[in-house]
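2 protein chains.
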Amino acid sequence: MFESNVYAGRRSGLIRRMKEKGAEGIAIFIGNAETAAQYRDNCYKFRQESNWLYYFGIDAPMYAASLDLDSGEECIYADDVEIDDIIWNGPSPSVREVAESVGVKCSKEYAALDETVRTALAAGRRVHWLPVSRWFNASRLASLLGGSPEQFFSEGKRGCPGASREMVESVVSMRLVKEEREIAEIEKACELGYEMHTTARKGVKIGKIEQEIVGAMEACTLAKGWGISFATILTQHGEVFHCHSHENPIVPGKLLVVDAGAEANSHYASDFTRTYPTGGRYTQKQREIYSIVYDCNDYAFSITRPGITYREVHLATVARMLEGLKALGLVRGDVQEMVAAGVPGLFMPHGLGHNMGLDVHDMEDLGEDIVGYDADQKRSGQLGLGSLRMARRLVPGNVITDEPGIYFIPALIELWRKEGICKEFINFELLKKEYFDFGGIRLEDDVLVTEDGARRLCPERLPISPDEVEAAMAAE
Amino acid sequence: MFESNVYAGRRSGLIRRMKEKGAEGIAIFIGNAETAAQYRDNCYKFRQESNWLYYFGIDAPMYAASLDLDSGEECIYADDVEIDDIIWNGPSPSVREVAESVGVKCSKEYAALDETVRTALAAGRRVHWLPVSRWFNASRLASLLGGSPEQFFSEGKRGCPGASREMVESVVSMRLVKEEREIAEIEKACELGYEMHTTARKGVKIGKIEQEIVGAMEACTLAKGWGISFATILTQHGEVFHCHSHENPIVPGKLLVVDAGAEANSHYASDFTRTYPTGGRYTQKQREIYSIVYDCNDYAFSITRPGITYREVHLATVARMLEGLKALGLVRGDVQEMVAAGVPGLFMPHGLGHNMGLDVHDMEDLGEDIVGYDADQKRSGQLGLGSLRMARRLVPGNVITDEPGIYFIPALIELWRKEGICKEFINFELLKKEYFDFGGIRLEDDVLVTEDGARRLCPERLPISPDEVEAAMAAE
Numbered sequence: 001m002f003e004s005n006v007y008a009g010r011r012s013g014l015i016r017r018m019k020e021k022g023a024e025g026i027a028i029f030i031g032n033a034e035t036a037a038q039y040r041d042n043c044y045k046f047r048q049e050s051n052w053l054y055y056f057g058i059d060a061p062m063y064a065a066s067l068d069l070d071s072g073e074e075c076i077y078a079d080d081v082e083i084d085d086i087i088w089n090g091p092s093p094s095v096r097e098v099a100e101s102v103g104v105k106c107s108k109e110y111a112a113l114d115e116t117v118r119t120a121l122a123a124g125r126r127v128h129w130l131p132v133s134r135w136f137n138a139s140r141l142a143s144l145l146g147g148s149p150e151q152f153f154s155e156g157k158r159g160c161p162g163a164s165r166e167m168v169e170s171v172v173s174m175r176l177v178k179e180e181r182e183i184a185e186i187e188k189a190c191e192l193g194y195e196m197h198t199t200a201r202k203g204v205k206i207g208k209i210e211q212e213i214v215g216a217m218e219a220c221t222l223a224k225g226w227g228i229s230f231a232t233i234l235t236q237h238g239e240v241f242h243c244h245s246h247e248n249p250i251v252p253g254k255l256l257v258v259d260a261g262a263e264a265n266s267h268y269a270s271d272f273t274r275t276y277p278t279g280g281r282y283t284q285k286q287r288e289i290y291s292i293v294y295d296c297n298d299y300a301f302s303i304t305r306p307g308i309t310y311r312e313v314h315l316a317t318v319a320r321m322l323e324g325l326k327a328l329g330l331v332r333g334d335v336q337e338m339v340a341a342g343v344p345g346l347f348m349p350h351g352l353g354h355n356m357g358l359d360v361h362d363m364e365d366l367g368e369d370i371v372g373y374d375a376d377q378k379r380s381g382q383l384g385l386g387s388l389r390m391a392r393r394l395v396p397g398n399v400i401t402d403e404p405g406i407y408f409i410p411a412l413i414e415l416w417r418k419e420g421i422c423k424e425f426i427n428f429e430l431l432k433k434e435y436f437d438f439g440g441i442r443l444e445d446d447v448l449v450t451e452d453g454a455r456r457l458c459p460e461r462l463p464i465s466p467d468e469v470e471a472a473m474a475a476e
Numbered sequence: 001m002f003e004s005n006v007y008a009g010r011r012s013g014l015i016r017r018m019k020e021k022g023a024e025g026i027a028i029f030i031g032n033a034e035t036a037a038q039y040r041d042n043c044y045k046f047r048q049e050s051n052w053l054y055y056f057g058i059d060a061p062m063y064a065a066s067l068d069l070d071s072g073e074e075c076i077y078a079d080d081v082e083i084d085d086i087i088w089n090g091p092s093p094s095v096r097e098v099a100e101s102v103g104v105k106c107s108k109e110y111a112a113l114d115e116t117v118r119t120a121l122a123a124g125r126r127v128h129w130l131p132v133s134r135w136f137n138a139s140r141l142a143s144l145l146g147g148s149p150e151q152f153f154s155e156g157k158r159g160c161p162g163a164s165r166e167m168v169e170s171v172v173s174m175r176l177v178k179e180e181r182e183i184a185e186i187e188k189a190c191e192l193g194y195e196m197h198t199t200a201r202k203g204v205k206i207g208k209i210e211q212e213i214v215g216a217m218e219a220c221t222l223a224k225g226w227g228i229s230f231a232t233i234l235t236q237h238g239e240v241f242h243c244h245s246h247e248n249p250i251v252p253g254k255l256l257v258v259d260a261g262a263e264a265n266s267h268y269a270s271d272f273t274r275t276y277p278t279g280g281r282y283t284q285k286q287r288e289i290y291s292i293v294y295d296c297n298d299y300a301f302s303i304t305r306p307g308i309t310y311r312e313v314h315l316a317t318v319a320r321m322l323e324g325l326k327a328l329g330l331v332r333g334d335v336q337e338m339v340a341a342g343v344p345g346l347f348m349p350h351g352l353g354h355n356m357g358l359d360v361h362d363m364e365d366l367g368e369d370i371v372g373y374d375a376d377q378k379r380s381g382q383l384g385l386g387s388l389r390m391a392r393r394l395v396p397g398n399v400i401t402d403e404p405g406i407y408f409i410p411a412l413i414e415l416w417r418k419e420g421i422c423k424e425f426i427n428f429e430l431l432k433k434e435y436f437d438f439g440g441i442r443l444e445d446d447v448l449v450t451e452d453g454a455r456r457l458c459p460e461r462l463p464i465s466p467d468e469v470e471a472a473m474a475a476e
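From first to last, the protein sequence lines stand for chains B and G. Quick note: the first sequence uses this note's numbering, first residue 1, plus one each step. Quick note: the second sequence uses this note's numbering, first residue 1, plus one each step.
Derived by calculation from the structure, the hints in this document are not laboratory data. Careful, some of the hints might be misleading.
[What the hints assert, rightly or not] Taking beta-carbon pairs under 10 Å as the criterion, some of the chain B residues facing chain G (in silico):
#, residue
1, Tyr44
2, Phe46
3, Arg47
4, Gly90
5, Pro93
6, Phe136
7, Val204
8, Val214
9, Ile228
10, His237
11, Pro410
Ideal Cβ positions, reconstructed from N, Cα and C, are used throughout, including at glycine.
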């Protein structure tokens, strides 16, 4: 937790921004509850809601709060512990003390938020709330405001249509630009992420079960941080983006994609990807594709700076990728025409990167289209570009990922061939003959936009050039 | 997953038992959904619902099922994947194939369960369901059956009053008696638990941060199993039962309680506790208390056999504990009178053990009073005995924990002294003078009730006698 004035400052900033947008009434925050893994009292490791962490910092379950936009009054709602809790969970500070530690003077019992909301509604005032991602929070909002839990859920891209636009936009505008203290926490997460990836690279040995590498990686972040910032992707099927099955032994000749990050104890995230040759050396064909992805990663970083949009960076990067694929005879024709036609999506059906902060896809539950797109930008419908989570014009303090990739997805290639999509540009024959068992490659770094350019957020860059990777693996 | 006939056999067993209790209509099962950790698409590691695992085995989210008690018809409800899912998550078998792999011939889309339930209700048939522990499952039942999600939650001890008594009792009667194949899986979890505890013991070094030991322990189970079976307790404040904060450095002269277990990939659990002297050697006072707890653990195991109730084992064990405490001058008077008066609860405010299986507190969400108590047994209101989760008359196949403990909880001792509880038996002066900074000790093994006695479920027993522990620590 930061000093109390940090949170007080953020809250008054939020109120100011919301009022500038014409909002009145009260804003409410619902912190997370414990979540059962097996049964009610056997829970997953507690993860606080990120907006709550940003404005209130209290890392404990069953907290809520209200901010009065008109009077500036703030109140935290939670229940003090009883003697039974003291036996089972140890002595703990009172809610009043906890509230004071984050600069909030008023505290009430958890259920008292009902009264606050009822009073506001009865007086015809608006109650502002943010989209949620857990059933507990949705049910709590439903019981406070009426309606069914489903109405309060984030839908992902669009966020939640019923949520307060003023509140969402104000939160996004603040959390998009990281404070120095946040960057320091992200760097801690990056340091743990570096350790995780180093452990993974050292663990790549023929015959080892993937899960053993994953376990060793997660130990790094559990020992010093909260844990993983998302489910580790470690797979010899890199063409399957979110492959979370880890039961296979490492076999020779494959590419192992490791996409993993750490969450610091402060809950800031890191997110890196590297792709290793399972036997320690890339084949000629692997090296050709790898070199294109590596070049794209470096190129995207080199043009990342304030003033450019990340959509432009994405488009320039996939154009460069097509140049490389063209040289290999996998595509043909004019690169700009291919970009316009959506050819890149066949090879990289995802965006170049996303915001990162307290969430690994920062604020995704507030609505990707609001978080990642400026008011004058519209999300594309194309495969690949349409998945770009961060398209905005960059400003200093943005923290984004740079993660180009090339994948050969048989089901997708067959679909395009069958439907004749972009057939004038694509060498389906060569793809089918030579690349159906290739897998995929992705290379990802975390990047801070600075005053005059960009800086990679890692104490040291993980080995990335084919030669560096092979040298590191040979030495291990 | 086991062979398909295992699940088919269990389901027909369930139907038969429910019908023997006079039930008719249909029984429905709601498998778990993914649970957001940060935002909707960033989830905790998926954990399937245990009753679902027992009867259907399918370890994937968004499955449901119905069993027709009258016709014997079975149906599984889930949605096949689309092309987008194939890109992101890889190709996967169809729902029909998955259903067949667990012996179910009928499969329908997920939403079709609504129609099945509606039809049953319209025909005046009963719909049987089990209490749930997650908001998603509660909300799904509420949308199927009407009412609010809160009505479908397990309350812990009582289960859920609205749930089907026939279904709950039938499930409990089956899951209480472990099959050979289940015992084999529990032993795998025990093997991982053994590794975790060995790692912990080796990690006890002055100056190390507790979290570093926890991380290393969890790595053992993540590398070969699903993960931890419950949030690891590793604390120099053993008197706080569920202390999950691990930020303290190991300091000399303390007792470190390590209560942790593994969940195998099959989701069966283990659960062990050991208590280590932080400096490698117990002090005289620590050794005195430790020896009592150790003796109680061995004694409880020695009398565990078919025919005795675990309530009797608990009571005989705490009587033996009082003998030990009496010899140290901490209590005085007749031991049986003290047991009747509830004196043991001051030192061991929990029960001797619980059932263990797919859940670490097996089936706790079905209602502890049903799971752990025979029809002719009533739960005590006393501190300690009242927390006994397993009181039943033992039968071969029961898997239970044996976990006596002695704790010196200043807040509780002060409360009893202030209120004069059992004051004729308790030496409050000595407690306050000598034991307020002692902490606590717990020693726990996992035990299978066999045909003629009991067997500890671990390839090798973790070092437990004070001499064994000190020797092991000296060698590390």
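Hint check:
no.	hint	verdict
1	Tyr44	holds (5 Å)
2	Phe46	holds (8 Å)
3	Arg47	holds (5 Å)
4	Gly90	holds (4 Å)
5	Pro93	violated (13 Å)
6	Phe136	holds (5 Å)
7	Val204	violated (15 Å)
8	Val214	holds (7 Å)
9	Ile228	holds (9 Å)
10	His237	holds (6 Å)
11	Pro410	holds (9 Å)
Consistency note: the structure conflicts with the earlier hints numbered 5 and 7.
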